[in-house]
Structure formats: structure tokens, C-alpha cells
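Each chain is listed here by its residues.
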Amino acid sequence: MLKEKSGAVLVVGGGIAGMQAALDLANGGFFVYLAERSGAIGGSMTHWDKVFPSNECSL
Amino acid sequence: MNIEILTLTEVERVEGEVGDFVVTLRESPRYVDMDKCIACGECARVCPAESALESHGGIAPRKAAYLKYPQAVPLKYQIDPQICLYLREGRCGACEKVCPAGAIRFDDTSRIISLEVGSIILAPGFHPFDPSGIRTWGYGLFPHVIRSVDLEPMLSASGPSGGRLLRPGDGKKVRKIAFLQCVGSRDYNKASHGYCSSVCCMSALKEAMIAREQDPDLEVSIFFLDMRTFGKGFERTYERAREKGIRFYRCRVYSLEPSERNDGITFRYITDQGKQAEESFDLVVLSVGMEAHAGCRSLAERTGVELNGNGFAVTSSFAPTATSRPGIYACGTFSGPKDIPQSVVEGSAAAAAATMALMDVRYSRTRQKDFPLEEDTGIQEPRVGVFICHCGSNIAGVVDVADVADYAAGLPSVVHVERNLFTCSQDSQDAMRRTIREKSLNRVVVAACTPRTHEPLFRETLKASGLNENLFEMANIRNQGAWVHAACPEAATAKARDLVRMATAKAGLLEALPPVSVGVIPQALVIGGGVAGMVSALGLADQGFSVHLVEKSSQLGGNARHLSRTWKNESIPGFVEQCSRRIRDHEHITVHLKSTVIHAEGAVGHFRSTIRKHAGSTTVDHGVAVIATGGEAYKSDVYGYEHSQKVLTALEFDKLHLVGDERVRYGQSFVFIQCVGSREPARPYCSKVCCTHSIQSAIVLKEEDPSRSVYILYRDIRAYGQREELYKRARDLGVVFINYELHEKPNVLIQDDEVSVVVWDHVLHEPLRIPADVVILATAIVSNPDIADLARLYKIPVDADGFVQEAHAKLRPVDFATDGLFLAGLAHYPKPIEESVVQAQAAVARAVTVLSNGRILLDSVKARVNPATCDGCALCLDVCPYHAITLENVPGEEDRKIIAVHTARCKGCGACQATCPKDGVEVGGFTYRQLSAQVDAALNAIA
Amino acid sequence: MLFEPVILAFDCNWCSYAAADLAGIARLQYPPNLRIIRVMCSGMVHPNLVVEAFQKGADGVMVMGCHPGECHYVDGNEKARRRMAVVVEMLDAMGLEPERFRLVWCSSSEAERFAASVREMTETVRALGPSPYRVQKWSGL
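Residue numbers (the working numbering), protein chains in the order written: chain A, 1 to 59; chain B, 1 to 943; chain C, 1 to 141.
Source of the hints: derived by calculation from the structure; they are not laboratory data.
It is possible that some hints are incorrect.
[To be verified] The following label-pair restraints were derived from C-beta to C-beta distances:
| no. | chain 1 | residue 1 | chain 2 | residue 2 | range |
| --- | --- | --- | --- | --- | --- |
| 1 | B | D217 | C | H67 | 21 to 29 Å |
| 2 | B | R437 | C | H67 | 31 to 39 Å |
| 3 | B | P216 | C | H67 | 17 to 25 Å |
| 4 | C | H67 | B | E703 | 49 to 57 Å |
| 5 | B | K97 | C | H67 | 39 to 47 Å |
| 6 | C | F3 | B | S132 | 52 to 60 Å |
| 7 | B | N310 | C | H67 | 31 to 39 Å |
| 8 | C | F3 | B | T266 | 51 to 59 Å |
| 9 | B | E754 | C | H67 | 55 to 63 Å |
Nothing here was measured: the structure is a model prediction, and the numbers come from that model.
Even for Gly, the Cβ is constructed at its ideal location relative to N, Cα and C.
Construct the complete structure from the given sequences, taking the supplied hints into account.
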């Protein structure tokens, strides 16, 4: 049976790992759904902005 | 555009299989309309409901209507139904009344979403360990005990005390602070975890150093079991902390008590001399580890992914992001404790792994925008349109926007001025597009918020109107105006007039900048045929790109050919053999053995490298390159290495063990000496793999014959993450661990054929002499010396230890600063095989973001030469960090040279422009004339 | 009359400009005497531009970049620091106090640091009084 593949990927979790995955997927030609439990992405990183100040991860 | 963010959303279930999953998700209500919310914060300002809530960074009061953090993405408020008075009791509704955008939606409900996706990546993150209720730590019982996550905001300069370390509760200045490591980690007591959390040593060091910087008189003590500063640059930080006078005590603290008069915390500990001591501290910080949260477990259950006993996803060393369910991948702390760079690496690696099976449907779901042809504005006189945003009342509530609009109308070149309630709203954008057309505007100024968040939106509107996107300028009259001068509306209005005048002056000089793009050759060069190089090459080839793999020696495999088992006990030779075979058979891979790269030129999209093999050479054109040149074992005549057949390096020992050499087979006493060549002044870094390697070997020796004596002489056991379980197992098997310090290293005595090791015994406080049948030296990993030549060829930076330097230690761990070049493996830093594999997969994902595009669009802010004024003095060549400027002959003028800018390499930083004494080079969009016009406009009205 | 200094700042897009934005989000209040010119990097600011600002009557000029080691473009901020040493010398030749010029490192999260530096600079320059170039402009010379 020939199945139709989907060119989309679901990423669960909008922390630093999930965001990096989402960015690389989208820039590599895939549509990304980024599902985040809370009201905004950023994850634990947002609590440590003292050391990693640049907001380079924002989409 | 190709990422859809679904907030407040959780997975309910996953059906189907790799290639075509159907995922059901539930989106909880936000009670704020995302399309309407303009993040002005009025709702939070008037919200009367506040609650102290446990959040990641400690307990902080929060309103019911709130923004998760100031730079949240998406920048939209939300209402917490647990706190909101209206949602709980049906009264209040204050936010709804003040919201200028009408975005509050109390009738919002949850929604079920169904998605079809080809693969799934899980990255649910972690929670800090909660030490509450454990009497030993006193957290929650004594006010002067806090967690490391609570200290972070207290030290922040933007925090409540302005960075001064004041004790919570009584606000007393902290003079003595103690950090207790391994809280909730490396502890088999109830509620704690056996594994090492891998990050807390660094976070304690970081916080200790920041606290000391802010107050040099602060006494800081760190109580630890092993200082695990195993990552790149970490050991140096540890050394610096010691030099700065931070005190370190190697002991577990068992019980905290309030001091007399309740003025601090007192506890007992063991000093370096083995004496009992008791000391009081103003503040005790618990370095809490990380743990999988409840959401991780439920996510695993709902997606059908297997977790181990620690609550982390089960993965293998050779497919580090693959979970137990095909098509579902794990990254970040979901598969074990790890730090930021390793999480970023895994995020990229998961992206590569998740798309291996989907390469034939690449671009099937992504969209690209089409824009009308650009109008040629080059010869037109500037016709500037100024759009002034009220931002509801955010700007208009302070700044007299009508006055600013009147003022703007009188400025030179301004032909249109209008005010909008929200310039960024969709209807305002539609109207702007029409106005640009109708009034033939060729420059647009928006006076509103900040270009950092909104410039892209307005630029899209310009493009949609047929204008070049660079003919746009913003005046930041909200973030840098109304919001910061709320108490002085007149001054804020005057400043807004100035900012509009400055923006308009610059706008008049803006030019259309051509979009810069380069064609990409869909082929990669991978340098180095070890594990990192092989995995990179296979990954890229599996993604459909052709690869040239260059290896200096006569076979593939690199250092991995000398290794037998991963720490998870997987067979390394099997993996290496499988990789080599797949590479040999792969239609997309060309292997160049006994070859080296001798010449390189070009930039991202199109490099050209020359590979030499014997006498001949080949030239390869490629869009990207992966540098995976590896490392090698450090060798030196220490500990009698060259004087006895019984003193071996770890790799030599492994080999002899494998072939059943008598020394090993019949040996009864084995002594491992750690940190041979590592963590010394000449090589002030940790080689990361040796502790685990020695422990593995020790376990095997003990398992083969429990009557053997096995000693490991170490400085700190760095069995980080879940490797800690091996350390425990070795201790349970009776392996003897003896700590030594750098200044009192063990002595290896060789007499005739007898070898013994003398080390200081910290329990008995006397020298201990251990007769040894075999001494195994855990030697350092050093960088491959060939990297120096490659660094010169590709202009990549190398650090003081000879390892290549990534673009950003935390956020871009596999990229070089130069676009199109990526790194993996030991060339970057010592690491175990599973980390080389994951880094190589990450390099694949990063490289694919370049290779999968026929052309890549570069930022059009670029340097360019002004041929009329450049006299070829070449001062700018040296300051360019990207080597993007060269000196070229001027055609037809024999004696004259001027500079040329390699546009693909240039990133528009303007170092050249600021260096040029003759205005001979400038950066489009930020030219000297444009900046000067802003200066002039700022000052021409002063009196 | 009360003297209100005019201070110009060249702010790096990646750090101090972002910190200024964050100061707004946090509703930090600072004197309205600053006019920011956004640049991509502090290393992009030509010393002549700073001198020009003084000649045109600025009472103070700030160049604000990323902390050492955090430059978006490798080491533009280090270049700025070396270059701006020249500015200090030129100020002397122009008869201006060195305090009128300041180089500030400020990360994108350091809104309070940003605001504090603006407050300090404003007070410093206010105490120095108007720049002689501005006085010249007043008197129409």
C-alpha cells in the first residue's frame, strides 16, 4: 500500500533544544508545528538570561 | 513562516507510524485573542488578582493576566484561570475594560487539534529538583536556605536589589555564603536521584564568581563531592574561581541547623586535613539538580516512548536522538541531564534524524511568499511617508502624537503623515500598502515601537507594495520614548519629534539595496574519516547530497578503531564496521584516503578545495564543509611509561586485554592513574572521557576476577550524567578510589621488574604503597596537529588548546563564525563517542539548512567600495573579521588598486567603514552619510 | 535657565539597543536627554562621527556595545574600544572634558545597567554645563 508521507514535523517543547530543532527543520525545507505547554516558548533558558543574554533564539 | 507555534498545547495521543503520524493535541484557552493582543500590558497593570506561584526561577508573585517573560515569543499576554477572579468567581473583568485592543476573551475554550506529520521530536525539558520537605537540606524550614535557581535572579543587576546580595526575608547583607553541591543528585536516598545532573558544578561556579565580582569581600565556600568541570572552557573557570579565593571543600554536608539567634545556618564538615569543623553562613545555596517532570512521563506514555528508571528517554549511543518508537525522536534533557550547548546540539541532531526518512517530501509543506516586482526608486526624489502609531494609549497616553504629526508634516521630503491606533495591525498594513501606491511614497518612516521586533513586518509591507525593503526606517518612540519618560509628557513629545526628524533625515538618504543571494552547490566536503566524519558524511549522503570524504590515513574509523565498548556497553567495532561499509557502498559518497586538503577558496554556497593524494590532486566544488579532523592520545614519559612494560596507556591496555596478554590475564593488582596530561598548566582542560573509560575497564577486571585489586587514583571522578551509575557499580564491586591533588601526584616506583605506586592516603593520612602488576595511564586527548593548516586554509579560529572555536559556545555549538563551515568530534573538544555522533548529526542538520536551498538569501546590509575615494590603502583588510575584503587591480589603470568586498562573506558589521580614513568603504543602510544625517538632525534644532 | 544636556548615543543593535527596548518594557525611567542612533555594531562607529557630534553641539556622546567577548561580529566592540581611545585624545584637543564621552558595555538583558548609565551620563554632563560648541551655536557664532 502506498502511503502518503507528510513533509511536516511536530516538535513538542519550545525550550532551547526544541527551538533549535524547529529552526533547523524549517530552514531545511520542512513545515514545523512547535507545541509548547506554557504560554510562550523559551523554556528554562529564559530564567538564565543573565549569562545568555542575547535573544538569538527568537523566531 | 514555516513554523507554527502552538502555545498552551499538549499532546493527547499519537497514531500512525513514521512518515504519516496523526497527532491529537489539546490547546488550553488563553483567554486573550492572540491576533488582537498588542502586549501593551494594560491588563496586567489593572489586574487585582495576584498569587505567589511556584515557577522555574523560584516563587514569584504573578498577576492573573501576565506575560511569561518580558521578551516572550509570542509576545502575547495570557490569563491564568486558576487566579483570575472573573474566571473563578465571575466578578472583576477589569482587564476587559481597559484592553485597548479588545483582546480579552473570557469565553475562550480549549480546542482539539489534529495534525498530520512525518515525524515527531520530543523536547519537554526538565524541572529543578525540589528539596522541600527533606530535613537534611532545611529548604522551606529555614529562611536562609535557598536553591541555586533562587540565587540567579537575586544576583541580577536588574533584580530587586540591583545585584547586591541581600538575604531574603531580613534583607541583611550577605557576608558568608556556602554552596552545597549534589542536592538531589548522586544521592540514592529517597526523593533524590542517583545520576549526576551534569550542570550544577558550573552553575555554582558561575554564581559564586558573579557574587564575588559584585562584592569582593564576600566569603564563598563550595562543598562538593567531585568538581565536574568537564566541558570546554569549564576547567579554566574552576581554576579562576580558586585563584579568586573561593574556598572548596570536598565533602558531603549532612545536616543544616539554624545558627544561634537564628542568624544564619550552621553545619559541620570535614576539612582538607581531615578534621571536623563547624561553621556558620549567612546564606546557604542548594545546588539542585535536574529531574524529569511529570509532563515528561505523561508525554512518554501518550507517545509510546520508553523511559528508563531515571525517567529519561531510552536512547542508544549510535542513534542518540532515536527513541524506542520509530519516527519519534528525543532531544535536550528529555534523554538525560545536560547543559545548554549539548541540548542545542541534540536539537539539531534530532532535526537531521527526523528528516532522514522524509527527504523525498522536503518542501512539500513549506511555503514561500511572492512579492511584486520592485520599483526602481534610484532616480526619484525622496517622497517620505511618516506613520505615527498611538499603540493604543501606550504612546498616545504620554506623547502628544498630534503635535508630532504636525511637526513631521513640515519636515523636508515628507509628503504624507498619518496616525494609526495600531500601525502594526493588519488593516493598518493594508491601508499603508494602498497609501504607498496612491501617494507614490518611496521612503517609509514608522514612529512606533522597536525595529528589533517590528521592522520585519513593515519591511514585508514595503515589499508587498513594490518598494525595496531597505527604504524603511523606524523611530522608536515607545520603548525608548513614551514608556521610559511617562512622567514627563512634554519631554517625551520633544524627544519623539527629534526621533522622527532623525529617522526622516536618514530615510531621505536610504537607497534600495539589492537582495544578496548566492547559488549553492549541493555537495559537501567532510574532512576527517573518524566517527564524527563518517557520521557526517553518511547523514549528508542519506539526505540526498553528494559528499567528498577526505581521510589522511589509509582507513576510515579514526580513534574509534581502538575502542571496544560505549559506557552503555554497545559494541564500537560493530558500529565502525557498519559505517565504513555503508560509506563504501553509498552512491553519494566519494572517499579520498591518504589525502589532505592543500588549498581552499570561496565562501558559503560555493567553496573550492583542492585535495592532494600522493602526487596527484583533485579540485572539489562544494557548498559546505564539515571539519572533523579529530584528536589523538597524549603521550609523554611520565609515571615511568618509557621505563616499564607494565606501565601502559589506556588504549594500549585495552588492546592487551583484548588479545589476552599475560600481564593482564594473570594480573592481580591494577592501578589506574587519572588526568595524565589533562588539567595541568600545559593543558588546562579536562579530557572528559577518561574517568568513564577507566571505570569501565575496572568493572570488567573485577567482573572477570573479583579477587583482583583494582585502584583508581583520581583528582575528581567525572562520571557525569547517567554515567554515575557505572561509578557506583565500580564501588559496589570493590574498586578502590583514591583521590590525589595536582601538587601531590602519585609516584610510580620501578625496581627491576617490580612496579609499585605510592599515593597519599587521605583516610589514614600517610603514604600508601600499592604493588601493581599493571599501571594504566588515563592520558589526555589532544587536538590533531594538522588543524593548524586547515585553520589557515579555511580561516577558522583555533583556541589556546588547539581545538577549533565554534561560533558561539552556547547557542551555535557546531557552526563556525564563517557561514557554511561546521565542526564535529574531537577537533572541537574531547568527548565520548556518543557525543561525537550527535555532534556530527547536528552538523548534518546545520549543513542541510544551506544545501537544501538552491540559493541562499543573505542579509543585504553589506559593505561596498566607493571607487571614487578608495585609494587602496588596505587598512580595512586587517580589521574585517570575515576576511571579506581583498585588494584588487583597477582594470585599465595599472598602478591603481582598490578594495573589493566579497559580498557573501561580509556580514555588514562596518568595522571597515569605521577604519577607513577616506570614506572609501561603507555599509549600505548604515553609511557614514546616513549616520551623519542622524547626528545632524539630532543636533540641528538644539538651542 | 535650567540647562538640559543633549546626549547622543550610538547603540549596538544586538545589545545596548535591545537593553534600551527592555528598559521600556520594564518601564524603567531615565532622563529624556538621550537620542539613540542604532548601529549594527559599536565597531561600526567612525571616530569622526563622534567628533562631528561634538562639533555640532552635543553635550555628551555615548558609544554602547556588547560586553567583551560577546560581540555579534567576533570582536567589533574591542575594535571600538581601541578606536575610541583616539576620540578621547581629540576631545582634549577640542577643549572638551573627557567625561563628555563614554564607552559603555551593556548586554541585551541589562536594562537597569542601560538606564543607570544614561542617568549617570546625564548628571555628569549636566554638572559640566553646556558644551562650548553648543554655546557657540547659541550665540550664533
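Hint check results:
1. B/D217 to C/H67: 21 to 29 Å: holds, 24 Å
2. B/R437 to C/H67: 31 to 39 Å: violated, 45 Å
3. B/P216 to C/H67: 17 to 25 Å: holds, 19 Å
4. C/H67 to B/E703: 49 to 57 Å: holds, 51 Å
5. B/K97 to C/H67: 39 to 47 Å: With a Cβ separation near 43 Å, B/K97 and C/H67 satisfy 39 to 47 Å, so the hint holds.
6. C/F3 to B/S132: 52 to 60 Å: holds, 57 Å
7. B/N310 to C/H67: 31 to 39 Å: Cβ of B/N310 to Cβ of C/H67: about 37 Å, so the range 31 to 39 Å holds.
8. C/F3 to B/T266: 51 to 59 Å: Holds - the Cβ-Cβ distance for C/F3 and B/T266, about 57 Å, lies within 51 to 59 Å.
9. B/E754 to C/H67: 55 to 63 Å: Once the Cβ atoms are compared, 57 Å apart, the range 55 to 63 Å for C/H67 and B/E754 holds.
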